[in-house]
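Those sequence lines, one after another, are chains A and Y. Heads up: the first sequence begins at 4 in our numbering, then just goes up one per residue. Heads up: the second sequence begins at 4 in our numbering, then just goes up one per residue.
Quick caveat, the hints were computed from the structure, so don't treat them as lab data. Just to be clear, a hint being listed does not mean it is correct.
Copies of the same chain are indistinguishable here, so a pair counts whether it falls within one copy or spans any two.
[To be verified] With a Cα cut of at most 27 Å, we get these calculated DSS-like pairs of lysine-lysine:
1. Lys334 / Lys484
2. Lys334 / Lys187
3. Lys334 / Lys312
4. Lys312 / Lys23
5. Lys384 / Lys209
6. Lys334 / Lys252
7. Lys85 / Lys211
8. Lys59 / Lys324
9. Lys384 / Lys374
10. Lys23 / Lys211
11. Lys112 / Lys194
12. Lys71 / Lys13
13. Lys339 / Lys252
14. Lys484 / Lys245
15. Lys71 / Lys187
16. Lys229 / Lys67
17. Lys194 / Lys68
18. Lys85 / Lys112
19. Lys41 / Lys112
20. Lys67 / Lys339
21. Lys112 / Lys152
22. Lys68 / Lys305
23. Lys460 / Lys23
24. Lys191 / Lys59
25. Lys107 / Lys324
26. Lys191 / Lys339
27. Lys245 / Lys420
Here the structure is a predicted model, which means the values were calculated and not measured.
Protein chains: 2
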Amino acid sequence: MQTMNKEIDKITPLEQDFAKWYTDVVKNGNLIAYGQSKGSIIFKPNSYGIWELIQKELNSVFSKKGIKNVYLPLLIPESLFKLETEHVEGFNPELATVTHVGEKELAEKFYIRPTSEVLFADLFKKSINSYNDLPLVYNQWANVVRWEKTTNPFLRSREFLWQEGHTCHSEPLEARRFTREMIKTYAKFLKEYLAIPTIIGKKTPKEKFAGACSTYTIEAMMKDGKALQSGTSHYLAQNFSKAFGITFKNNQNTEEYVYQTSWGVSTRLLGAIIMTHGDNRGIIIPPRIAPTQIDILEFFSKKSEKVQKIAKQLYVDLSRKYRVNLDSSDKNPGFKASNSEIQGVPVRIEIGPRDVENDIVTIVRRDTLEKIQTNINDVKKTIDFLMDDIHENLYNSAKQRLDNNTVFVTDYEEFKKEINNGKFVYSPFCCLDYAEERIKEETGASSRCIPIREFEKPDEKHKCIFENCDNKTNRYVIFAKAY
Amino acid sequence: MQTMNKEIDKITPLEQDFAKWYTDVVKNGNLIAYGQSKGSIIFKPNSYGIWELIQKELNSVFSKKGIKNVYLPLLIPESLFKLETEHVEGFNPELATVTHVGEKELAEKFYIRPTSEVLFADLFKKSINSYNDLPLVYNQWANVVRWEKTTNPFLRSREFLWQEGHTCHSEPLEARRFTREMIKTYAKFLKEYLAIPTIIGKKTPKEKFAGACSTYTIEAMMKDGKALQSGTSHYLAQNFSKAFGITFKNNQNTEEYVYQTSWGVSTRLLGAIIMTHGDNRGIIIPPRIAPTQIDILEFFSKKSEKVQKIAKQLYVDLSRKYRVNLDSSDKNPGFKASNSEIQGVPVRIEIGPRDVENDIVTIVRRDTLEKIQTNINDVKKTIDFLMDDIHENLYNSAKQRLDNNTVFVTDYEEFKKEINNGKFVYSPFCCLDYAEERIKEETGASSRCIPIREFEKPDEKHKCIFENCDNKTNRYVIFAKAY
């Protein structure tokens, strides 16, 4: 009891200090421990368990699209990495470099992969002969290292886990279509499994991936109004295939360079879950990817055989369909309930000696903390309902927040004010790198994306939001402070 | 047809040159591609698919034992690594060392994990307070790097994938018992899922893990008679807990160092599968971990709607229970059959226009190449039978080979002869490091293990097998040439 209450007291209210709230939440709830070196974290069972379920569900989505998993080397020889120049320039300052083995210096340096475009390029070069081999659609689950200066658990750490998909196509149109298909797949996945609404859009030239022709993104809004880029899909055109010589014989028997895409989501998603759904009691895990979906808590069960019997029976019944944990320890009820809450378990069932005499248990949902007195014969039905209802409720709350806090602004003074209010600001913008840098300096906001057609936008042209630009444009860009 | 037959022709018969046979098999069958740098390989879908199924099944075994998955950092700071001296000495020559980020030299070097004992030690130190926190039982799926001088795909590569379990206990007996429980778990898993028989035993002091008090191993016999260490489980005693200060308050409220174990299996198992079951047509994948369990091959289906209809129907029916691939391409039958064989798919169903008129299809099992004419209504039943029968047949053949080629020898001249014949030689031995080194120099054989009690052994003492030793001993050790 002592320990757990201390831990819960440690969570700073999110209204008071959001950054501190986030750190408090990730340190608790069996989520992470800090590693020995700056910016390194240990994924404890509750966070790694979420990641495993994300892997499982995404694998099932990928598999239906015929995407096959492969695994490529961790280390990239310097000579291979340097073949695509824009890519090198983008990643060079963050590359962890292996120069020695034991005390011995290596003849050639190796970089720990920050992403695997060049390794896949090498594989594709070896694997592709003719148009019959295309499209070639691979995915990899892997760890990558980017030596970031400022770090934040899940959101920006020096090593993170992700999946990176890499494809080759014979036609640019097909590749472009696939790039967009994958970003929509991610948006759907976040909606259906993580209960996170996102805005789908294209990155401005300044914000696109180093080496890509265009980058699509899904942007989510955290509870403090900041944006979190939650998944990206890149159309690489022939940038890598020309640098690496990845060719195929087309149906006229002529050699041509392939058209490529790459796309990924990472353990950042764990940060997105916390900052989209969490509250002052800790993380709230959406039911479909919760490592434990139901906590069954026996209260004072040493005194009541009936409590033990009912708990055991519910555990067996519910385990057929759900991931269930049974706590039969003799810890006190307050501790058990707090422990379940801080770990973000979507539903807990409290079984106490008095209620059980009337065949009643109490079901508590983590999102609203509502307590539902339920006859033991109705538990299964109630749980079935709650699993979907909690998901819907989490999604709808987040969607409402996103909608209410996205504003259309054409005046720069208002722009600055709304950015400061923590809004997503949707404004006319010409997309010049220089203008973006100035806006960032002046307001702290970066361009998040140019929303794709599905997103409602004004018909008429407006003056570019950047003070020193008099162009009229009908290109509208979302700006926000971002993680 | 051309391409595939060329590939099959490329497989050197195993009787002629086993090493070349192995290389030919791994290069074909959608298993690997070589990476850019020496000793690095790319896991293609057919090999990575096996590994994913091994992960899935082992996770399910682990989960029943209450083992939780976590993920720790890839990079180990030099200062942390150096705390356990025997461990450092054992791994130092193989450590890939990160010294720079971009062009900038780091203040402290980092090693890419060759194994994660020191990282877990650090986590345990932070997580454990009292005996209530014990036992603590974690597992990690990860990539590790060991800079080996000679490399061989799957068997010895500079980066490999594995799981490493790490536990802390309050009592030495409990920890020792857990060490043995895990090695038996591995032996059972290899038998039940990979159809590989193994000998369970303890490593001699010379062969034990650097930093362990004792190491248990499972040793499998490859088709050339060589041993492959296929899984290990280490009792670490208090070696790491003392070096890292991992203590707990016991029930007398006194601080004590924890007792630890660690245990792992790796992508070596893919090499074990190939060299235990493979034949001159390529890999044979045991049904329970085959990414594709059934290939349905349409023959001349463009001419026959009935072929297409039956194939589709079987695909739908069988997919409910099995991992099935349907090949409706218009490639020729010979190509399709060879392609299925070289990829090691346990069962293929050939559907041709003539047979199908009589409601007949041909089922071919990959292990014996036996062809079974089957009425389409009996396919499901036949497949159910074959999945188990192929597994049993693969296991029994391997077990028979292991039994027939393990010999008890007490005379050193005979020892040398039998080692040369590719046998596992079971001999009396005192276990002195010096003697083992000499035997290795003279015969090429290393000690594999001291088989545990379950293994039948002579009652009486014999003179140690080492020429220059006159001790009589009742400790018997298995020697063999090994990968």
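Q) Which of the stated hints cannot be reconciled with the structure, identified by number in ascending sequence? A) Of the numbered hints given earlier, those the structure breaks are 1, 2, 4, 5, 10, 11, 14, 16, 23, 25, 26 and 27, listed in rising order.
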